[in-house]
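Student: Sequence:
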Amino acid sequence: MKKRVLSIIAMLAMTVSMAACSSGGSDTPAPTPTEGEEGGEVSSDAGDLITVGYAQVGAESDWRTANTESFKSTFTEDKGYKLIFDDAQQKQENQIKAIRSFIQQDVDYIVVAPVVETGWETVLEEAKEAGIPVILSDRMMQLSDDELYVAWVGGNFVKEGETCGEWLADYLEAQGRGSEDINIVTIQGTIGASAQVGRTEGFGNILAQHDNWKMLDMQSGEFTQAKGQEVMESFLKSYDDIDVVICENDNEAFGAIDAIKAAGKTCGPDGDIIVVGFDSVKAAFESMIAGDLNATFECNPLHGPRVDEIIKKLEAGESVEKIQYVDEAYFDTSMDLETILPERAY
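Numbering of the sequence shown is given in our numbering, commencing with residue 2 and proceeding in unit increments.
Hint data in this document are derived by calculation from the structure and do not stem from the laboratory. You can take every hint at face value.
With a straight-line cut-off of 20 Å between C-alpha atoms, the simulated PhoX-like cross-links for lysine-lysine are:
#  : residue 1 : residue 2
1  : 92        : 228
2  : 80        : 314
3  : 313       : 323
4  : 129       : 98
5  : 215       : 238
6  : 238       : 266
7  : 228       : 238
8  : 129       : 314
9  : 73        : 313
10 : 262       : 228
11 : 262       : 238
12 : 323       : 129
13 : 80        : 313
14 : 323       : 160
Pair ranges (Cβ atoms, derived):
#  : residue 1 : residue 2 : range
15 : 160       : 181       : 23 to 31 Å
16 : 78        : 314       : 16 to 24 Å
17 : 192       : 310       : 27 to 35 Å
18 : 157       : 93        : 17 to 25 Å
19 : 346       : 126       : 35 to 43 Å
Ideal placement from N, C-alpha and C gives every residue a C-beta, glycine not left out.
Please put together the full structure from these sequences, using the hints given.
Tutor: Quick look at the structure:
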């Protein structure tokens, strides 16, 4: 909004100056309405609304759906915003196209949940040249110049992975299996996504501390239930003795559980295979209550309010912290899940 107001002031100043230097003049043409809105155009009725363009990854999981809803319920007209939402369907080229569209539409802020970490320098330079602040949500970008974005909001993915590894160590110890050889497989998220990179690294840090843990295989399940099931089916055909499957989101875990049951095996606290996931969506609590999933490690998707706070500070001319982590916890079958579940917002 500030950028737009400054442009109008500059235009008015030029008009006054030209009138003072000329004996005649012509009518100033009316401004052309800018494009916007979800799949449409922002009309001149937008007035003083702050226009936010949000390039979302897609709708690959329950977590992503909750994340999208958090933005849509936060950036509404009654709260002073005009939201232009774009679903990239998990393709980076779609997100880059969306960002360029936002720039062309002269939005006030751009929010991006990047599909992968690399390949953003050029388009963010274009946003910088246009004077549009960029805020990153959920996933990080690898950039040579961190001035290309003003802030990042999301979970501490490395810490999430480490917490998972620490939980597994404690769980195995409590079962009397602390010194037993443990065979592990990992269904990774979309390769190159910040959540995948961080969770793989974090769990790997704890894995390195246990000589009796063996990582048999790691393959991407692309954060989807269908692909998670496909990868788990492949693991079960390749390895006879799997003790633990680390799924880098809950939806992959649901797919892995389906594959385990279809293979005639069991999972959960009383089963053959320990299954853990990340995100802590409501369906994960239902799966733990059913006795299928052992634990889930939270990745809070409700980023809308935090991004709203950042924009309000920027509008007020205040500085903001570059990296802003959201609060996160973990949950397992030892907890009173039936009491916790109704209180969950996602």
